[in-house]
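Model the full assembly from the supplied sequences, consistent with the hints where possible.
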Amino acid sequence: MEISKINFLFILFFLAFCGPICAAKSNNDDVKELSEVTVFSLGNNGFVGKMSRGEVLYNKIFHGADSELIFRKLLESDLSTPEAKIYALCGLVKKKVSKSSLIMYKNSEVNLSVLKGDVLRKFSYQEIYENIIDNGC
Numbered sequence: 004m005e006i007s008k009i010n011f012l013f014i015l016f017f018l019a020f021c022g023p024i025c026a027a028k029s030n031n032d033d034v035k036e037l038s039e040v041t042v043f044s045l046g047n048n049g050f051v052g053k054m055s056r057g058e059v060l061y062n063k064i065f066h067g068a069d070s071e072l073i074f075r076k077l078l079e080s081d082l083s084t085p086e087a088k089i090y091a092l093c094g095l096v097k098k099k100v101s102k103s104s105l106i107m108y109k110n111s112e113v114n115l116s117v118l119k120g121d122v123l124r125k126f127s128y129q130e131i132y133e134n135i136i137d138n139g140c
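For the sequence shown, counting from 1, position 76 maps to 79 in this note's numbering; every step adds exactly one.
No lab work stands behind these hints: they were computed from the structure. The beta carbon of each residue, even a glycine, is placed where N, CA and C say it ideally should be. Check each hint, because a few of them may be wrong.
Claimed, not checked - Per label pair, the in silico range of CB-to-CB distance:
hint	residue 1	residue 2	range
1	Met107	Phe50	37 to 47 angstroms
2	Phe50	Lys76	29 to 39 angstroms
3	Asp69	Gly120	24 to 34 angstroms
4	Lys98	Lys35	14 to 24 angstroms
5	Ala68	Leu123	28 to 38 angstroms
Printed below as a string of structure tokens:
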């Protein structure tokens, strides 16, 4: 009986201290993975109507802790893809961050891939940026 109490206490201790650490690692993995996406897409895509991996990651980060800070870091990072930056911009606009503070993230020199339904097209970053600023995601 004494051993099962020790095991119970050990498991309880492990979960109490590992839970937040494991969750933080998972969040960092999600941010890294979102920073590398190569297609921007919101809504159901393709014949099956499946949500894109980028949108799944975006939603996890959006509903997590420090999402505004994470989205700003994605926008400022040279390592983030243009598609990742657009997800981050959507997050900040949806969080109702002032539009004037987002002007610094305008970048007209790159193109990005956008999937709508089952059609993949290239758009200029600036065109998508302006559309999101004016109309939201």
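When the structure is checked against the list of hints, which entries are broken? Sort them ascending. none
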